[in-house]
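Trainee: Modelling step: build the complete structure from the supplied sequences, incorporating the hints.
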Amino acid sequence: MVIGVGNPYRHDDGAGTAVAAALRDRPTDGVAVVDSDGEPAGLINAWQAAREAIVIDAARHARSAPGTIHRIDLARDRLYQEGNASSHGIGLGEAIELARVLRRLPRHLVLYSIEPADTSLGVGLDPAVRRAVSVLANRIRSHLERA
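Take 1 as the starting number for the sequence shown in UniProt numbering and just add one per residue.
Quick caveat, the hints were computed from the structure, so don't treat them as lab data. Where is the CB? At the ideal position from N, CA and C, for every residue including glycine. A portion of the hints provided could be inaccurate.
Each pair of labels, with its calculated beta carbon distance range [stated by the list, open to error]: (1) R71 - V34: 30 to 36 Å; (2) V101 - R131: 33 to 39 Å; (3) G42 - A65: 39 to 45 Å; (4) A21 - N45: 32 to 38 Å; (5) Q48 - R146: 34 to 40 Å; (6) A62 - A147: 19 to 25 Å; (7) R130 - R71: 16 to 22 Å; (8) A147 - D25: 28 to 34 Å.
Mentor: This is the structure in structure tokens:
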């Protein structure tokens, strides 16, 4: 299961859904790829039955350049680091903690985030973010094909 989170009408906030769209353009057998606006109940419903879920979102990290890709494996890494923030009103962290309390987390959950340059209203991705979308889509596709 791959979940692209974002709003394509807020420039780089659409990075997660852009990665999902790239993965749907060249699908991997047996892998569902969906879009989400980041609403916690929708995320939990999407991933709760999955063995593995990969979630992609735009998020600001302290001292990261636009287009930087971050990977957080919840089996090994802390979700929060000071300065990290989803570009949505409620972060993925809250959705994950809610799912943990409700026992609705997939066995393996990996979060990828792309550092945005601009999340104001409008369409289109910053060139660095657009390159990161392509790189990350290829990285995830390779992982899914090996799994």
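Trainee: All hints, please: hold or fail.
Mentor: Against the structure, the hints:
1. R71 - V34: 30 to 36 Å: Once the Cβ atoms are compared, 20 Å apart, the range 30 to 36 Å for V34 and R71 is violated.
2. V101 - R131: 33 to 39 Å: About 38 Å separates the Cβ atoms of V101 and R131, which means 33 to 39 Å holds.
3. G42 - A65: 39 to 45 Å: violated (30 Å)
4. A21 - N45: 32 to 38 Å: For N45 against A21, whose Cβ atoms are near 21 Å apart, the range 32 to 38 Å is violated.
5. Q48 - R146: 34 to 40 Å: violated (24 Å)
6. A62 - A147: 19 to 25 Å: Violated, at about 32 Å.
7. R130 - R71: 16 to 22 Å: holds (19 Å)
8. A147 - D25: 28 to 34 Å: violated (19 Å)
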